[in-house]
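Protein chains in written order, with our numbering: chain Z, 1 to 531; chain H, 1 to 531.
There may be inaccurate statements among the hints.
When chains are identical, the list treats them as one kind, so a pair holds in a single copy or across two.
[Claimed, not checked] Dumping the calculated SDA-like pairs for lysine to any residue here, alpha-carbon to alpha-carbon at most 20 angstroms: (1) Lys195 to Phe304; (2) Lys367 to Pro446; (3) Lys317 to Arg228; (4) Lys371 to Ala461; (5) Lys433 to Glu388; (6) Lys133 to Arg58; (7) Lys447 to His434; (8) Lys371 to Leu451; (9) Lys346 to Glu404; (10) Lys433 to Ala384; (11) Lys413 to Leu403; (12) Lys447 to Cys335; (13) Lys195 to Arg303; (14) Lys495 to Leu505.
Think of the hints as simulated: they come from the structure by calculation, not from any bench.
Number of protein chains: 2
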Amino acid sequence: MLCTTELGHGSNVQGLETTATFDPQTGEFDIHSPTLTSSKWWPGGLGKVSTHAVVYARLITGGQDHGVHGFIVQLRSLDDHLPLPGITVGDIGMKFGSGAYNSMDNGLLRFDHLRIPRNQMLMRVSQVTKEGKFVQSDVPRQLVYGTMVYVRQTIVSDASRALARAVCIATRYSAVRRQFGSQNGGPETQVIDYKTQQSRLFPLLASAYAFRFVGEWLKWLYTDVTQRLQANDFSTLPEAHACTAGLKSMTTSVTADAIEECRKLCGGHGYLSNSGLPELFAVYIPTCTYEGDNVVLLLQVARFLMKTVSQLGSGKKPVGTTAYIGRAEHLMQCCCEVEMAEDWIKPSVILEAFEARAVRMSVSCAKSLEKFSNPEDGFAELSADLLEAALAHCQLIVVSKFLEKLQHDIPGKGVKRQLEILCNVYALHLLHKHLGDFIATGCITPKQGALANEQLRLLYAQVRPNAIALVDSFNYTDHYLGSILGCYDGNVYQKLYQEAWKDPLNETVVPDGYLEYIRPILKQHIRTARL
Amino acid sequence: MLCTTELGHGSNVQGLETTATFDPQTGEFDIHSPTLTSSKWWPGGLGKVSTHAVVYARLITGGQDHGVHGFIVQLRSLDDHLPLPGITVGDIGMKFGSGAYNSMDNGLLRFDHLRIPRNQMLMRVSQVTKEGKFVQSDVPRQLVYGTMVYVRQTIVSDASRALARAVCIATRYSAVRRQFGSQNGGPETQVIDYKTQQSRLFPLLASAYAFRFVGEWLKWLYTDVTQRLQANDFSTLPEAHACTAGLKSMTTSVTADAIEECRKLCGGHGYLSNSGLPELFAVYIPTCTYEGDNVVLLLQVARFLMKTVSQLGSGKKPVGTTAYIGRAEHLMQCCCEVEMAEDWIKPSVILEAFEARAVRMSVSCAKSLEKFSNPEDGFAELSADLLEAALAHCQLIVVSKFLEKLQHDIPGKGVKRQLEILCNVYALHLLHKHLGDFIATGCITPKQGALANEQLRLLYAQVRPNAIALVDSFNYTDHYLGSILGCYDGNVYQKLYQEAWKDPLNETVVPDGYLEYIRPILKQHIRTARL
Ligand SMILES: Cc1cc2nc3c(=O)[nH]c(=O)nc-3n(C[C@H](O)[C@H](O)[C@H](O)COP(=O)(O)OP(=O)(O)OC[C@H]3O[C@@H](n4cnc5c(N)ncnc54)[C@H](O)[C@@H]3O)c2cc1C
Ligand SMILES: Cc1cc2nc3c(=O)[nH]c(=O)nc-3n(C[C@H](O)[C@H](O)[C@H](O)COP(=O)(O)OP(=O)(O)OC[C@H]3O[C@@H](n4cnc5c(N)ncnc54)[C@H](O)[C@@H]3O)c2cc1C
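Go ahead and model the full structure; you've got the sequences and the hints to work with.
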């Protein structure tokens with residue numbers, strides 16, 4: 001179990017306060033929590049279950065601070081599970097939601113000069129000799145990025161899965177739910193047929209697919225990076241790192257918001273626990289914070305983009321997902337050729353619009369940065385704009401990977417056609433949402449923006465007939481979905497009704513507390529009323 | 001207790017299925033639940049506590065259906081609280097969150113031919129005579145809108161309060177929390193000093209104030225409407241109704257999202273229950289659904305706007321919050337005069353930009369609607385665009401009421417200046433967020449959009465020094481806030497640490513279940529490892 005975050009530091013790992021001071025006399029590290037804020041805080045499973053942890057602490061040798069390193073520390077006895085002397089450990093308390101995450105014992109941990117042998121330091125990158133000498137190995141430090149690429153890549157796939165779950169529930173229920181629009185006593189309209197419902201739901205359905213494909217591609221990226229690392233080729237690592245950081249941030253933020261939107265799309269019944277959506281939300285949202293706060297990550301992406309742009313003059317060619325920046329000259333002055341709504345479904349048109357927007361936003365930020373004498377001041381001052389540029393870059397990646405996917409064969413009759421529609425929905429709903437970006441940078445005209453919106457409406461109509469099939473194809477069992485509203489057979493009302501009677505409150509007809517609390521109030525009211 | 005919603009119908013009240021059939025023989029109504037979906041579902045307090053309810057049901061006399069009316073129905077005996085014969089009543093089950101809303105017994109209720117006397121029908125608007133004749137009284141039906149104006153007005157004020165609570169927590173904690181940016185071993189940067197944090201937080205702070213002022217104005221509006229109704233003047237009622245419907249929708253949607261954003265602004269610790277934000281969110285969000293689903297409400301506003309625009313030719317003058325539509329001719333072709341960033345803080349400039357945007361979006365929708373031979377088809381087809389036009393209208397109302405507020409004297413040295421800054425933040429952050437609307441309708445140029453963004457950055461810097469004072473002024477006690485992160489004295493870390501130890505999981509050092517579950521697994525692993 002990795003034990004990094006402290007009460008006072010999460011995002012800034014380099015600011016951790018726990019110390020590991022080497023004592024050459026005994027050949028041991030003295031692990032200590034010098035302040036209240038240095039208490040370890042949050043690691044999952046740490047509070048009540050873990051017997052050992054990899055604790056990150058500042059390494060100190062000969063009075064010198066060498067920054068944060070990892071140490072294997074035994075926390076509890078293997079015989080009776082009691083914390084070892086020098087260790088204070090416990091749970092940090094209740095968290096969001098009524099279920100899942102509260103079954104995890106996120107822990108707090110303090111050390112009072114705990115001693116561990118020297119060989120329990122993780123020494124791949126740096127070593128401490130018996131004599132207490134600090135030595136850097138020649139293992140490249142960037143290796144740690146490889147792990148980050150791996151972890152964040154799994155988070156993107158998880159985002160797709162969580163989003164697909166929410167969308168599956170909301171889509172199925174939207175087909176079951178009827179409200180308004182009965183004509184001559186006929187059945188009312190299925191709410192999935194309302195254009196507003198479609199304009200809220202179908203982009204999320206498209207996003208679930210988009211994130212799945214970009215997640216698959218990230219798996220490939222990780223393999224590629226790993227192979228290169230083994231061959232001592234670090235050239236693509238910064239780009240791969242920025243790419244996964246950005247996609248982790250973007251896909252988890254979208255998914256968190258989308259789960260709640262899916263709940264709202266279910267009207268009142270979405271608020272019931274047995275809709276499955278409240279707990280899905282409560283368990284999902286910390287993903288926006290852990291493994292890198294989403295804003296902090298996007299700022300890292302922005303930093304990488306600014307570096308890439310600033311090196312354009314030097315002839316350094318941007319690689320991978322930033323390759324388009326190498327075509328800045330063209331993209332800064334190209335004109336979108338859309339004249340009719342259906343021009344907007346051409347892959348080349350979509351791609352160029354997203355590339356042009358992303359490059360223009362980055363270049364515009366880079367130009368504004370030049371006005372500052374201290375680049376760090378500039379970066380801080382313009383960071384809100386930089387976030388937007390980074391987001392545009394991430395959206396481009398997802399759009400382009402979706403388009404790439406569609407260039408390959410896709411088995412199943414008509415499947416490719418459906419995916420093309422979803423890809424266009426994904427791209428055009430983003431274009432509509434960020435219309436200001438596209439128009440203000442001159443990538444498209446207001447008229448072309450209106451045409452994109454018109455095309456989007458047509459696309460929704462094309463998604464509609466296959467919407468249920470598109471969520472059925474996620475192939476989630478009712479058990480996995482855990483949602484009455486999303487049940488496969490659509491028998492929602494009967495299940496809601498049956499489930500209600502299982503509520504413990506319904507075990508008695510007259511509720512506990514009636515005699516003590518409710519009755520006296522009722523009797524008093526009646527008397528007052530009669531006076 | 002009002003008992004309207006059924007398993008099958010919430011938004012569409014006219015579609016309720018419960019029947020109240022008059023029997024002239026006995027002079028009674030027969031209240032019945034003919035279908036599963038006609039089960040009453042959701043009314044608060046209905047499940048276990050209520051003894052009586054006002055039940056909405058379809059009135060049927062002589063085989064004719066007269067639509068939905070209210071009936072006073074006794075549900076439980078006043079002696080032993082047992083449900084009366086013909087009544088099935090219970091709780092619908094668990095809801096979102098771990099606390100508050102689950103202490104409410106939202107109920108389900110079914111009737112099996114329950115008989116109630118004729119005089120238990122609410123007969124102000126329509127009557128049923130002893131003989132079973134259905135008679136409409138001359139009391140105007142619009143009166144019911146008066147109540148809606150009242151209820152929704154209180155919801156807007158509540159939105160402001162909930163938002164202020166979340167913002168107070170996030171602002172105080174952002175001043176306590178330090179992360180990164182330590183120079184020469186000095187303290188790290190308070191996260192409230194990061195421009196990204198400011199650009200996420202300060203617009204929410206400004207919104208809390210904006211909603212408060214529009215809420216106060218709505219109180220006045222309700223008084224005004226009530227006085228007019230008493231004088232039989234119904235002229236302003238539709239406008240007042242549309243206005244409150246729109247503001248209920250807009251302010252509650254923003255507040256729901258904002259509470260979660262405030263939680264994210266607190267990083268990992270925001271996910272702890274004792275941050276107060278999880279439960280605030282869980283309890284707040286159904287406000288977006290009850291008393292009118294927010295999308296359904298905005299569509300009503302859009303309908304009213306389309307009617308207002310279409311009547312422009314006929315010389316009918318738009319009143320109240322739609323008065324600006326009467327100046328459509330000017331607003332359709334006016335040009336924004338901003339040349340420098342600081343031009344954007346002129347009230348007249350802001351107001352005209354928001355009016356022009358709103359009117360142009362409405363007129364553009366109205367023109368598109370004309371292309372449909374059946375206006376209802378057009379409305380359905382374009383409803384996603386109509387939502388956006390309605391939102392633009394609602395945002396204009398809030399901006400204009402904030403500006404109006406600033407035209408009056410405001411006590412307190414420098415208070416007015418602070419509110420002016422917040423008002424500008426409110427307006428310009430919306431302009432930035434909806435830049436596409438403003439530019440695409442030609443209300444402002446891309447260059448002016450960039451200047452607005454520049455001004456917004458300056459405004460954030462002006463909010464910063466008073467941010468804490470601006471949330472302290474909400475005057476919430478620690479008890480009311482219920483948040484460690486938001487505590488007044490800022491002693492966050494110590495309180496978090498102390499609170500953690502109160503967690504029941506920490507009552508034992510070795511957790512329950514260690515011997516049965518954890519130990520066998522541990523021992524097994526160790527054995528495997530040694531093999
Ligand atoms: C459910 C859950 C499980 C967790 N599990 C583990 C675990 O197993 N092991 C472990 O070690 N940790 C764990 N954590 C901790 C988690 O990794 C941290 O909470 C996370 O890294 C965020 O850091 P923070 O809390 O310090 O946020 P902060 O950095 O304090 O964020 C607060 C605010 O400041 C902003 N901010 C911070 N720095 C900057 C900057 N430079 N520029 C602009 N804005 C900035 C952020 O965007 C945010 O809005 C867990 C957390 C949660 C919620
Ligand atoms: C916590 C809570 C407390 C409640 N308390 C009470 C109470 O005390 N008494 C009571 O009577 N009721 C109560 N309700 C019920 C509440 O009033 C309804 O849930 C609410 O009116 C929404 O209706 P619905 O559930 O039918 O949503 P639906 O109308 O089924 O909404 C589902 C989806 O369809 C969309 N939709 C519906 N109609 C249209 C349309 N015409 N055009 C476009 N889109 C449409 C909606 O936007 C939504 O996305 C409560 C609900 C909750 C969650």
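Do the hints match the structure? See the list:
{"no.": "1", "hint": "Lys195 to Phe304", "verdict": "between (40 angstroms within a copy, 19 angstroms between copies)"}
{"no.": "2", "hint": "Lys367 to Pro446", "verdict": "between (25 angstroms within a copy, 17 angstroms between copies)"}
{"no.": "3", "hint": "Lys317 to Arg228", "verdict": "within (18 angstroms within a copy, 72 angstroms between copies)"}
{"no.": "4", "hint": "Lys371 to Ala461", "verdict": "between (48 angstroms within a copy, 19 angstroms between copies)"}
{"no.": "5", "hint": "Lys433 to Glu388", "verdict": "both (13 angstroms within a copy, 11 angstroms between copies)"}
{"no.": "6", "hint": "Lys133 to Arg58", "verdict": "within (15 angstroms within a copy, 87 angstroms between copies)"}
{"no.": "7", "hint": "Lys447 to His434", "verdict": "both (15 angstroms within a copy, 17 angstroms between copies)"}
{"no.": "8", "hint": "Lys371 to Leu451", "verdict": "between (37 angstroms within a copy, 16 angstroms between copies)"}
{"no.": "9", "hint": "Lys346 to Glu404", "verdict": "within (13 angstroms within a copy, 49 angstroms between copies)"}
{"no.": "10", "hint": "Lys433 to Ala384", "verdict": "both (18 angstroms within a copy, 12 angstroms between copies)"}
{"no.": "11", "hint": "Lys413 to Leu403", "verdict": "within (19 angstroms within a copy, 59 angstroms between copies)"}
{"no.": "12", "hint": "Lys447 to Cys335", "verdict": "both (13 angstroms within a copy, 19 angstroms between copies)"}
{"no.": "13", "hint": "Lys195 to Arg303", "verdict": "between (40 angstroms within a copy, 15 angstroms between copies)"}
{"no.": "14", "hint": "Lys495 to Leu505", "verdict": "within (18 angstroms within a copy, 35 angstroms between copies)"}
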